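> Position one of the sequence shown corresponds to residue 1 (full-length UniProt numbering), numbered consecutively onward.
Quick caveat, the hints were computed from the structure, so don't treat them as lab data. Please read these numbers as outputs of a predicted model, since none were measured by experiment.
Derived pair list, reagent style BS3-like, types lysine-lysine, alpha-carbon separation capped at 27 Å:
1. 82 with 45
2. 82 with 44
3. 50 with 82
The calculated label-pair distances, taken between Cβ atoms and stated as ranges, are:
4. 47 with 95: 19 to 27 Å
5. 109 with 51: 13 to 21 Å
6. 39 with 59: 32 to 40 Å
7. 105 with 67: 15 to 23 Å
8. 43 with 63: 19 to 27 Å
9. 103 with 55: 21 to 29 Å
10. 83 with 47: 18 to 26 Å
11. 103 with 41: 14 to 22 Å
12. 53 with 102: 16 to 24 Å
Backbone N, C-alpha and C define an ideal beta-carbon position, used for all residues, glycine too.
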Amino acid sequence: MLRQLLIAPVGSTIAKSYINCSGKQVFKCFSTPSPSAMSLEQAKKIAAFKAVDEYVRNDTVVGVGSGSTVVYAVQRLAERVKAEGLRLVCIPTSFQARQLIIDAGLVLGD
1 MLRQLLIAPV GSTIAKSYIN CSGKQVFKCF STPSPSAMSL EQAKKIAAFK AVDEYVRNDT
61 VVGVGSGSTV VYAVQRLAER VKAEGLRLVC IPTSFQARQL IIDAGLVLGD
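Start from the sequences and build out the full structure, keeping to the hints where you can.
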């Protein structure tokens, strides 16, 4: 049996032509799954929460960078400070990170 591997961009549809047993041309369509924006954001949130949970301990200085997951990391830091009484000092690496730290009510360091 001969198999074909079809590679196509995510979210696209491929129409493949075949000749069936009776000699008629038939078409089969294959769709590649498209990840939703929600699932990507959910993955970012899970990654940020996991990093904060695994690496941040009490009496720690935390460098807060920039990027697409920093919002979720700061959110989780604030949750843990409130729930566990963690003592943290957050050092921002960008203006965005500084604003997130201040808005979350976390201790801002230099």
